[in-house]
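So the chains spell out like this:
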Amino acid sequence: SEGDPVTAERGGPGAKVETIGLMVQDLSNPFFQSMANGVQAAAEKIGATVNVQDGRQDLGAQNEQIDAFIQQQIDVLLINAVDSDGIGPAVDRAKEAGIRVVAVDVAARGAEAQVTLDNTAAGNLACTYLADQIGGAGDILLINGTPISSVQDRVTGCKQALQNYPQISIVAEQNGDNGRAEALTIATDMLTAHPDVKGIFGINDPTALGATLAAQQAGIGGLVIVGVDASPEAVAELQKPDSMFEATAAQDPNTQGAIALEMAQKLFAGEQLEEQSVLVPTEMITRENLAQYKGWQ
Amino acid sequence: MTRTAPAGTPATEPAERTRPSFGQVWDRYGILVVLLAMVALMAVIAPNFLSLSNGFNVARAVSINAVLAAGMTLVILTGGIDLSVGSVIGVSGVSSVLLWNAGAPAVVAVLGGIAVGAAAGLLNGFLVAYLALPAFIVTLGALTYLRGTAYALTDGQPLIAEGDLGFRLLGNGNIAAIPSPVVVMVITYVAVWFILERTTFGRHIYAVGGNVEAARLAGIKVRRVLLQVYLLAGLTAGLAGVMFAARVESGQPRAGEGYELDAIAAVVLGGTSLFGGRGRIHGTFVGALIIGVLSNGLVLMNVPFFTQLIIKGAVIIVAVGLDSLKNWRS
Amino acid sequence: MTRTAPAGTPATEPAERTRPSFGQVWDRYGILVVLLAMVALMAVIAPNFLSLSNGFNVARAVSINAVLAAGMTLVILTGGIDLSVGSVIGVSGVSSVLLWNAGAPAVVAVLGGIAVGAAAGLLNGFLVAYLALPAFIVTLGALTYLRGTAYALTDGQPLIAEGDLGFRLLGNGNIAAIPSPVVVMVITYVAVWFILERTTFGRHIYAVGGNVEAARLAGIKVRRVLLQVYLLAGLTAGLAGVMFAARVESGQPRAGEGYELDAIAAVVLGGTSLFGGRGRIHGTFVGALIIGVLSNGLVLMNVPFFTQLIIKGAVIIVAVGLDSLKNWRS
Amino acid sequence: MTALVSMEGVTKSFGGAPALRGVDFDLRTGEVHALMGENGAGKSTLMKVLAGVHSPDAGTIRIDGKPVTISSPIEATALGIAIIHQELNTVPDMTVAENLALGAEPRTRWGALDRRRVLRDAEEKLARVRADIDPRLPMRRLSVGRQQMVEIARALAEDARVLVLDEPTAALSDREARRLFALIDEMRAAGMGLVYISHRMEEVWELADRVTVFRDGRSVGTSEKAEITPERVVTQMIGRNVEDLYVHDDRTPGEVVLRVRGLTDGAGIGPVDLDLRAGEVVGMVGLIGAGRTEIARMIYGADRARGGTVELEGRVLGERSPDTSIRDGIGLLPESRKEQALFLQMSIRDNLVTSALGRLSRLGVLRRGAIGDAARRQMDALGIRTPPTREAGHLSGGNQQKVVLGRWLTVGPRVLILDEPTRGVDIGAKHEIYRIINEQVSRGVAVLVVSSDLPEALGISDRVLVVRGGRIVAELDRSEATEEAVMLHATGVATAAEKNGGTTA
Ligand SMILES: Nc1ncnc2c1ncn2[C@@H]1O[C@H](COP(=O)(O)OP(=O)(O)OP(=O)(O)O)[C@@H](O)[C@H]1O
Ligand SMILES: Nc1ncnc2c1ncn2[C@@H]1O[C@H](COP(=O)(O)OP(=O)(O)OP(=O)(O)O)[C@@H](O)[C@H]1O
Ligand SMILES: [Mg+2]
Ligand SMILES: [Mg+2]
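If you read the protein sequences in the order shown, they are chains A, B, C and D.
50 is the number of the first residue of the first sequence in the numbering used here; add one for each residue after it.
84 is the number of the first residue of the second sequence in the numbering used here; add one for each residue after it.
84 is the number of the first residue of the third sequence in the numbering used here; add one for each residue after it.
755 is the number of the first residue of the fourth sequence in the numbering used here; add one for each residue after it.
Chain A extracted, bound-state conformation:
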């Protein structure tokens, strides 16, 4: 309904995807970089080109990027939205322009199909593990992040899990800005206020690793620190035998990207999808099973 939308109907039986648009929340996070790599690799196999755009965690920017993609008349759009609902209108515009839209990692209102990580489950798993490790009782710290859909779901999941452990209480919850540095600073302060906590949950690996550093520097030992993502950084940390960073809920952005492209290709060729919504399972990675974990590509 805007400008003169480029509604050249593309795709159809047997059609091959040639141009792919991929939009991610924040390329400065290795997680999304890996996702991009996954899509790139899959795209090369089918000989398509990918235009990757960084949302810089700004919904406004993602809106502009979609309009530019519409302009480019790309075939399919794989979108990892900063906000599931806020992206809705833009997704509609893309569909009107004849672009097939698949949501990756985070749901996107109006997307025709989605591959999402169960972020709630990830948070749930991580905190269950944490709870068990500290013996089902004691105080813990929760390091939250910038309020975007995926982060919120993890926190929700974590709190759900903790409902089964009445003797565990979250004594402090602060925002670590999804990053190592800020997490380090506030974790230092949180540990000062609550030196006797048993564990820490960080909404992603950078956050959890920042907390780990904080504990080390504060000379506090014996904590159980868990994160989410199982990023290379996290794997490296897990390999240190004495690190307090003990586990992380594995997400596989790489495969996610590949699956998303697969679904988009199907849609483009007018085929039916077995399921509109694929939920990538997540598993806890610990020192024990680290060997089996293949990690991100």
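Please note that the accuracy of each hint is not assured.
Claimed, not checked - Below, simulated DSBU-like cross-link-like pairs (lysine-lysine); rule was C-alpha separation at most 35 Å, straight line:
1) C:Lys-304 to D:Lys-1092
2) A:Lys-94 to A:Lys-343
3) D:Lys-820 to D:Lys-979
4) A:Lys-343 to A:Lys-289
5) A:Lys-289 to A:Lys-208
6) A:Lys-144 to A:Lys-65
7) D:Lys-820 to C:Lys-304
8) D:Lys-1092 to B:Lys-304
9) A:Lys-144 to A:Lys-315
Bear in mind the hints are in silico, worked out from the structure with no lab data behind them.
Following the hints, put chains B, C and D with the ligands in place on chain A, whose structure we already have.
Frame of chain A; chains B, C and D with the ligands shown alone:
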């Protein structure tokens, strides 16, 4: 050896030539030339850049920053600055959606959102004008507490609009085949242009920015002028916030983060002096377009995001560099 | 008819009194009082606030912003501004870790990181001093392209340090029971204090900021002074970047985002005028502490982060408000 | 003998606008060489070329016959050339001592700043010009006049062979001026060469050994002391002679328009009583720092008064501020036009109408036709012949001053207070300004003139008020107001005398 001239000839003022020199022309249109050069370049290297629909894309994408920059121009003309406009976008957008969800009619929701922005601006203005606090710090503080307020209003969660948002037209859709945000932007600029060029208030803005002591001694109510200017900046930011909410059909507490810098960049690129007293609103418009064209073109060219940042930074500097060639004449 | 009055007292030079008035005392120590008041408050309401270890936490947390603010003070004293320091932190931190991973000895890695910052500052300085471009825009551009460069250097990935980082001491650990970053901070401030108060260069900085024309006519090489000031700002930012990398023991391309505003806030809270020519380095130090104490205390009290933003914003404004009470005497 | 300094064919233009069109000028040792000419004639520019501030487009400069190129102020200093610029060039936020040391700060053995010597040198320098100013004071605390004395001290300190004084007395009043003239004589005797730029004829007659007149970027002639006559110089300057410079028609003042009683700022200024009648010019004179400006500003409401009343046509005015004063019909032309009056980057037109926009707009919307007419009318009345859209910053001092005055004529107040209305203005412009004042008075406007130019004050006033220590210590009729009489009161000698010897009848 005494040359005598007819009585009363005034001291000839060397610079009194009225025929515009190249320099003066460049002063006026330099930045415009920069824009056109950029458009030409993009047209050649960026696929599908030069098309009506993409023109509208750019205009639509620019509209929010342009509206911000319009209000910012007024503040900067008085020699001040407003760093809080980005956060105002967050608060006002959220407020308008809150109102809508509370069952208020669209008009009320829109006006409510704008009013919130205006209120924030009024407080900035009061602190700057009547308590004589430095604008930079006052609005930096506002940037911080307003963002906090936006989060607090929604408990940190984005706010989903119930039903379809009554004022979505402000962000999406067309008015007479022209994207509606673009229409809003144009109206804003006409209004600001009128204020600056056709009203006493406009003259007073230039006077206060040009020489505040002289303005006071000339009987201008300096404080009131300052108050009104920050009020207007908050108001336009409030409008931008509502436009943002309408565009994404939801209340995003994080909306507008960092937008203040883009707005200021647009103003300065447009040739307005950060020391106040000197500048034109159409320059700001051109400045906003430069930034918009650049972002759009770089995406179309599929430039990696960090390369985009490098290019953007460089272009901003080069643009003012070219523009400031005028200073080289003196 | 001549009315004659009794012999009038000689022209009283209103402000020639040299005995410090209350006002002057407040000028000097006003902001310090604000800090102490805040510490007292925190000591009462924030758990574990008043302890040596937490004192060190605050100092350590403050150190990076404080070092930034030290260099920023020099720039602002000349009437300029440097928005790029936050991004410099990213570039220089990443560079130092790159060097380390490339097998360079710790010292080289550190100096390399600092040099990168200095180089960035040098370019800013050249554009501001010799091409006379507005500092705000030049450094805004630098903020953008330097961030891009930081990403480019690491492909957008955080850079894990190989082995344990040779210069981690700069960010962690102690020197003589004092956290090493705190030691670095103190050295930096002593150095800047000496430059400003005990060298001709320092006088020239104040002169350029106070009245650039007078400085030029007095034979001061204005451009060189400006160049050096931006160079120093880049250098201190580079140092801050290396400290950051050492603290997080990795190269984070996102490091320092938004730090420029905190640094400027510290400078202005410290009583330095954004118009230049007026200010003291110890004020900046106090300003940085105010910000640090506030953040630390709020976290200790586990205040929700959006409430923290609201309080921080308000406190910044109130602090300058109290400080500017001095203006009320005139 | 070869000249100490000789400049030949010096040309300089700014952005295509010529300021100097091939000037020859020479300076001998042991002489005071006066430069005169209209505003914008090029006097300061020539001297800035000599001082290394501007580099000439063409022309040669010789010192002792040897050609030199002077491309920076430092090089000029090195060559023994010192200059006191027309505009104050001080750093307000630095102390007097630091200002005096600026650019040549003494260093300790280790290269650090030698703060003790900075202070010691400052005291010496100030002593040399016999100015009792505390070198520890921030510059901003000094009045314009005292800041000027500091500038003089700084210039004299660099024991130079050539000293240029560009309108040094513009901010000084008689006593300080006298002190300066004494110094000038000493330096001349010591064999220095001095260039003296001024718009005050009297000073030139008194000091100059030679006078060179500038016009339109050219030198139009140099006269030896013997052949200097006012007529000749003035004619060379503006192409005609000004018969009687100070315009003053005989007139009989009307009713008291403005009545001030017990006005004080509670800090050294006042209490002040004074009456202004319709159709009269009252001069306010005194030494620098006497407080004339403060009194004027308090009446207008630019500064808050702590006590006393101001009555306008029998009506007591309450809390005054510039905007209320303008509404009531009081206007003030401030002391320094660049800092307090002019909007340099605005057009002449906008400057002229700034205070009258209320009348020239409807519902806040500008009546552009009316504004254009009003501006054009004023420019004709003032004799400003240049496009109304021209930036005020590009005008010469004289025309700038006329523009500021014109702003008040556009408003048309009942009471007009003029603080140093002809500071730094050339004789032609001065004459026109006096004419305008006279014309206003004839229309029944009451005018209060603060002036440090004593002959001017006496020449145009019907009555003269002498200010000392923030108070009015004497009121003299036009008939009895002689320079001597005024100085007696201004310096306090008169009142002292009266104590031991009755009052004057
Ligand atoms: N820096 C400058 N840039 C542009 N024009 C200038 C500059 N300095 C002087 N001019 C112009 O050069 C001409 C000569 O100026 P100058 O100051 O030498 O005159 P002047 O004789 O000193 O006048 P006055 O008696 O008012 O001081 C004027 O028209 C002035 O506008
Ligand atoms: N900027 C200033 N700051 C502080 N005190 C000032 C300032 N200007 C003037 N004064 C003081 O106010 C008094 C009057 O100063 P001022 O010189 O303005 O009086 P004046 O009679 O108008 O002299 P003139 O007008 O010749 O300068 C003096 O005591 C002076 O020291
Ligand atoms: Mg001059
Ligand atoms: Mg005065």
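Hint check:
no.: 1; hint: C:Lys-304 to D:Lys-1092; verdict: 26 Å, holds
no.: 2; hint: A:Lys-94 to A:Lys-343; verdict: 21 Å, holds
no.: 3; hint: D:Lys-820 to D:Lys-979; verdict: 27 Å, holds
no.: 4; hint: A:Lys-343 to A:Lys-289; verdict: 17 Å, holds
no.: 5; hint: A:Lys-289 to A:Lys-208; verdict: 29 Å, holds
no.: 6; hint: A:Lys-144 to A:Lys-65; verdict: 18 Å, holds
no.: 7; hint: D:Lys-820 to C:Lys-304; verdict: 27 Å, holds
no.: 8; hint: D:Lys-1092 to B:Lys-304; verdict: 20 Å, holds
no.: 9; hint: A:Lys-144 to A:Lys-315; verdict: 16 Å, holds
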